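Colleague: For reference, the chains in residue letters:
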Amino acid sequence: MCGIVGVAGVSDEKLVRRMAGTIIHRGPDGEGYFVGDGVSLGVRRLAIIDLPGSNQPIWNENRTIVTVFNGEIYNYKELRHFLEKKGHVLRTAGDTEVLVHLYEEYGEAGVHLLRGMFAYAIWDVQRRRLVLTRDRLGIKPLYYTESGGRLIFGSEIKSILAIPGVPREADHGALGVYLTLQYVPGPRTMLRGIYKLPPGHLLVWQDGQTAVRQYWDVVMVEGDRKATEETAAEEFQALLQETVDIHRISDVPIGVLLSGGIDSSTVVAELTQIGERPTTFTVGFQTGEGINEIEEARLVARHFDTDHHEIVTGPSIAEAIPRIVWYMDEPVADPAAVPTYFICQLASESVKVLLSGEGGDELLGGYPRYRWLDFGEGLRRISPGWLLATARGALGLLTSEGRLLSRLSTLLGSAPLEDRHLEWVGNMDEPLKSRLLTTTQGDGQGSNGAAPLVRELMARIGMEDAIPGLMYVDFKTWLPDNILTKTDRMSMAVSVEARVPLLDHRVVEFVAGLPQQVKIRNFGTKRLLRQAMKGILPARTLQRPKQAFQVPLRTWFAGPLRELLWDTLTASRAMQRGIFRSSVVAELLAEQAKGRRDRSRALWTLFWLELWTRQFVDAAPAAHH
Amino acid sequence: MRLLLLTIDFPPARGGVQHLLSRVADGLAPDYELRVLTYHQPRDWEWDRARPYRVIRTPVFGIRSLDLSLLGLRALADIIRHRPKLIICGHVLLGPPCRLARWLFRIPYIAMAYAYEVRAPGMRRVAGMALRGARHVITISEFSRQAVMALDVPDKQVTVIRPGPVANGSVERGMSRADLPLNGRGRVLLSVSRLAERYKGHDMVIRALPLIRAKVPDACYIIVGDGWLRPYLERIAASIGVRDAVIFAGEVSESELEAWYRRCDVFILASRESAVGGGSEGYGIVFIEANLHGKPVIGGRSGGIPDAVLDGATGLLVNPLDAADITDAVLRLLTDSSLAARLGAEGRRRAQEELSWGNYVARFDGIIKSSVTTSRGPAGT
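Protein chains in written order, with this note's numbering: chain A, 1 to 625; chain B, 1 to 381.
It cannot be assumed that every hint is accurate.
[What the hints assert, rightly or not] Here are the computed lysine to any residue pairs in the SDA-like style, where the Cα-Cα straight-line distance is at most 25 angstroms: (1) Lys85(A) to Ala214(B); (2) Lys534(A) to Met123(B); (3) Lys433(A) to Ala593(A); (4) Lys215(B) to Lys534(A); (5) Lys433(A) to Asp598(A); (6) Lys86(A) to Met123(B); (7) Lys594(A) to Arg213(A); (8) Lys86(A) to Leu100(B); (9) Lys86(A) to Asn319(B); (10) Lys77(A) to Arg2(B); (11) Lys86(A) to Ala362(B); (12) Lys86(A) to Ala313(B); (13) Lys594(A) to Arg298(A); (14) Lys352(A) to His25(A); (15) Lys215(B) to Glu84(A); (16) Lys86(A) to Leu331(B); (17) Lys215(B) to Arg129(A); (18) Lys85(B) to Leu100(B); (19) Lys534(A) to Arg187(B); (20) Lys86(A) to Glu46(B); (21) Lys215(B) to Arg63(A); (22) Lys594(A) to Gln615(A).
These aren't lab readings, by the way, just hints derived from the structure by calculation. Just so you know, these numbers come straight off a predicted model, no measurement behind them.
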C-alpha cells in the first residue's frame, strides 16, 4: 500500500506535493505531508489496515521521530503488544506506528523485528537524520538520488523526476545490461544518478552525507548433509500455512492471483486449509501460441471450490501498452507485465489485496536451468576441451536456429559460468547486440556489462557448487529488479496491493538453510514444495513441470501490436537517437514480419525502451496518466 | 550383586550421555559387582585401566548394524557366563539383547531414554520395544518422559532423574581468562554445543545481535563447538553486519571451556523444537554447567530445556523463534546486574546441591534395588 516521497536538506511542501502527485495511483485514499527543519516528506495512502486511524505521517509520543511508510508489517500486532509492554504509547490501531517506536528502542536495527514488505523513511528530528529502509527481498521499491547536498527519494522514479533540476539522462552504461537482461540490475537504474536502494539495505543521511549498508542477505547452507526430506517438507508446510495465514491480515477484501502452477496453487490451498474460501483470478490469451494457463487454473479453482474469475487479454492491448510502460516506471521489458496489468485490473473491481505465488521459482529452485548449468559445469570438469569444442562445432553445422540448440551449445561451451548463465537467460546474443549498438554506445565492457556483476555475486557467495551461486544471482537481480518490480508496479497501477507470502523472510531463511538436494535433485525441480503439498494439491498440479509464463509475443507482433511496433521503432525520433543502428532495427523488424526468424524478444526489449524513453527522458513524466 | 551396563556411548569419548553413564558406573562400583560392555575407542585402555570395574569392549567396523550385532552377541555371551542380576540398557538400540536375556534367563533390565532416539520418527518401533520390555525406564527430563510414555510405556514405570554438570566448575583448574581469544572487555554471551544441528538456535541468537548491540554496543557472542554448520553461521553473521561481534572458538579443551564459562556474562542456547518430530533438546547439561559457574542462563522454551532452566529462578526461558523475546531476555541480564547475580547464584546452588551426581546415583541405586526386588510378570510387548 501507499507511495512515499521526500527530500532531505530542503523544507518545501510544494515540492513534495508535486512529487506525490505523480504517484496518486499508489495511494488514492489519502495524502499526508510533513515539512520540518531541513526535511520534507510526503505520502499517498492506500488504506488496507486501520482505515480511519493510520493516516500518515505518523509520529512517536513526543514528536521527535516521524515516518512515511509503504508496505505491510504482518506481525504488527505482536510488535504493538511488545512495544506497549515496554511502555510505549500507541495512538493508532495500524502497523505504521510500530516503525517509530522500534526506532526509539533500537535505532535502525529495529528493522530486524519486522516481518513483511516495506520501504520507509524515518526522520529523527533531534539528530536531523534520515533513515531509509527497504525490505529484505526488495518487494517494495525505493529510489533515490543526491543533488547539491540534498537527498531525494521516492517509491517511483517519476516522483524524483518531478523535481526541477534533476537531470533526466539515460545511463548508456546500463544499456548493454538492459539489452541482455531486459531490466537494469540494482543499484543502477536506466537514469544516470538515480539509484535503487538494494533489498536488505538501509540508507542513512545526516549532515549532507549519505551511507548505504546491508542489514540482511539471503544465506544458503553449504554441503549435502543428511537431508531429512520428509521432516523438512512437513515443517515447511507448517511454516507456509502460518505465513499465508498472517498474509491475510487486512481490513479490506483479498484475492489470489492463480496461474495454475504449483506456487500460486499452494497459496490457494493453504488459504483453504485455514478455512477461507479464496477469490481467485486467472489471465489467459486469445491465441493458441504458448501455453494457456486457464485450463490448469480452472482445475485448481474447482478442486478448492474458489470464487474464480478469468480474463482473456484481447485486441485492446495496443492502446494500453504506453500506459503500462508509464506505470512500470523503470524499463522492465518483461512481456508478462501486460497480462499482469490486466489481471490486476480485473481483480481491482472486487478486491484491494492480492496474494501471489511470486518468488517460488527463485526460492525453491523452480528453474530447470539451475540443474542444466550445473550439469554443464560437471561436463566441463570431466571432458577434455577438444571434445566439447568438436561437439559445439557439430551443433553449429546443424543450424544456428532455435532456443534449444543455442542452449545445448551454451552447455557445451567453455565460457565461465557467469557468461553461460547470461547466455541462457539473455534476450539477445552478443553478436546481435554489438551489431545493434552504434559505436558511440555501449559501456565499453566488451561482451556485456552484466558479467562482472554476476561474477561478483557468485564470488560473494563463494561456494563450490554452481546451483547455490546461480540461485543467489537470481535473488539479487532477477527477483527484485524484474519479478518484484513488475508485481509492485502492475498492481499499484490499479491501486491494488500485491503480497508475496512465499517471500516471507522466515520462509526464505528456512528454505535457504536446507541442503540444496532437498530442493533440486536429478533434474527434478521444487522437490521440497512438491513433497510438502503432496495430498493437498491435485496430483496433476503437483506433477506439472515448470512452465514459463508464455506470452504470445509473436502473435501480438503479427496482429494487435504490429502497427504500434513499427511506428515506434521506425519513428524519426527513435532513429535520431543514434543509439541503435537503424539498419539493424529494420532488419529485425523485417525478419519478424516475414516470419523468417523469431526476433520477438529482442524487438520487445527495443520497443519497451523506446516507449519508456519518450515518457521519462524526452519529457518529464506527466503528473498523472 | 552383579550388574551389567550395556552401552554404545562411554568415555573416553566426550559427550553428555558418555559422562552420565560413567558417573553412574563410577557411583555404583563400590556397591556392586559391575561390568561395562561397550565399543572400542582409540586409547580407551588409558581410561579403562583407572576404573574400579571391568570394561569390556567390542571392535568397531563402522557399519552400524554389524557393530551393534557384535556388541549384542558379546553381551549375550557375557550374560550366560556371569548371570547378572540386572542389566542397565544404556541405549534403546541395545534393546534386543536385553529382551532376549529377560526372555531366556528372566534377567530384568532398566532402560535409559534421553531424547531424540525416542522421538525420531524412524525409531518408534525399536525404542518402543526396548522401553516396554524394561522393568523401569530412567529418563532425563519431563519432555523425554512424555516421549517415552507416547510409546505406551506405563506412567509409573518411568522416572525422571535430572543429570548434573559435566564440567566440574573448579576455579583453580583451567586457563585463565586472559588466555582467551577475546580482544577488549566486551559483554559476553556464550553458547556451547556441536554445530551440527540447526535446532540449537545459534542462528536466532546471531540474528538478535544487531538489536542487542543497539543498546549494549560492546556485546559479543562466543560460540564454542564446531561442526558443518559453522560456515553457514559465519555467513549469517556477515549478512547482518555482526561478523566482528561473533567469535567462533571451535572445539576447545576442558580447561578453555571452564575459562569461557567463567568469562561469560550470560549463557544462552535458544534451542527450538522442529515443528514435526525432528530434533530438539532433551535436557541441556550445558545450562547446568554454566549455572555451576554462577552464570545466569537463557534457554529456548522447547524440548527438555524447562527441566534444565528454571524460568525466573536459575535463568530465563524465551520463545526461540522470536528475536524480540531473545533480545529482551539478553538485555535484561546484561543491564540488570542484580537479577543476573540472583539467577546465577540460585543456579549454582541448584547445580551443586539438587543436581549433584551423588544425588543422581543415589536415586539410580534406589531404582536398581526396587527393580530387582519387585517380582512381576513379564511386561506387555
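Colleague: Is lysine 215(B) close enough to arginine 129(A), meaning Cα to Cα at most 25 angstroms?
Modeller: The given pair, whose Cα atoms are some 19 angstroms apart, holds under the 25 angstroms limit.
Colleague: Below or equal to 25 angstroms on CA atoms is what counts here, so check lysine 85(A) against alanine 214(B).
Modeller: holds, 19 angstroms
Colleague: Would you check the hint for lysine 594(A) and arginine 213(A), treating anything up to 25 angstroms between C-alpha atoms as holding?
Modeller: violated, 51 angstroms
Colleague: Assess, step by step, whether the Cα of lysine 594(A) is no farther than 25 angstroms from the Cα of glutamine 615(A), and give holds or violated.
Modeller: Outside the cut-off at roughly 30 angstroms; violated.
Colleague: Decide if the proposed pair is consistent with the structure: lysine 433(A) and aspartate 598(A), CA atoms, cutoff 25 angstroms inclusive.
Modeller: With Cα atoms ~16 angstroms apart, lysine 433(A) and aspartate 598(A) stay inside 25 angstroms; holds.
Colleague: Is the Cα-Cα distance between lysine 215(B) and lysine 534(A) 25 angstroms or less?
Modeller: violated, 46 angstroms
Colleague: Is the hinted pair lysine 86(A) and methionine 123(B) satisfied, with a Cα-Cα distance of at most 25 angstroms?
Modeller: violated, 45 angstroms
Colleague: Would you mind confirming whether the straight-line C-alpha gap from lysine 86(A) to leucine 100(B) stays at or under 25 angstroms?
Modeller: This hinted pair is violated, its Cα atoms lying about 61 angstroms apart.
Colleague: Assess, step by step, whether the Cα of lysine 86(A) is no farther than 25 angstroms from the Cα of alanine 313(B), and give holds or violated.
Modeller: Given pair lysine 86(A), alanine 313(B) holds - Cα atoms ~22 angstroms apart, limit 25 angstroms.
Colleague: With a cut-off of 25 angstroms on the C-alpha distance, tell me whether lysine 77(A) and arginine 2(B) pass.
Modeller: Judged against 25 angstroms, a Cα distance of about 62 angstroms means the pair is violated.
Colleague: Straight-line Cα separation of lysine 433(A) and alanine 593(A) no greater than 25 angstroms?
Modeller: holds, 20 angstroms
Colleague: Does leucine 100(B) lie within 25 angstroms of lysine 85(B) when you go C-alpha to C-alpha?
Modeller: holds, 14 angstroms
In summary, the numbered hints that this structure violates are 4, 6, 7, 8, 10, 11, 13, 19, 20 and 22.
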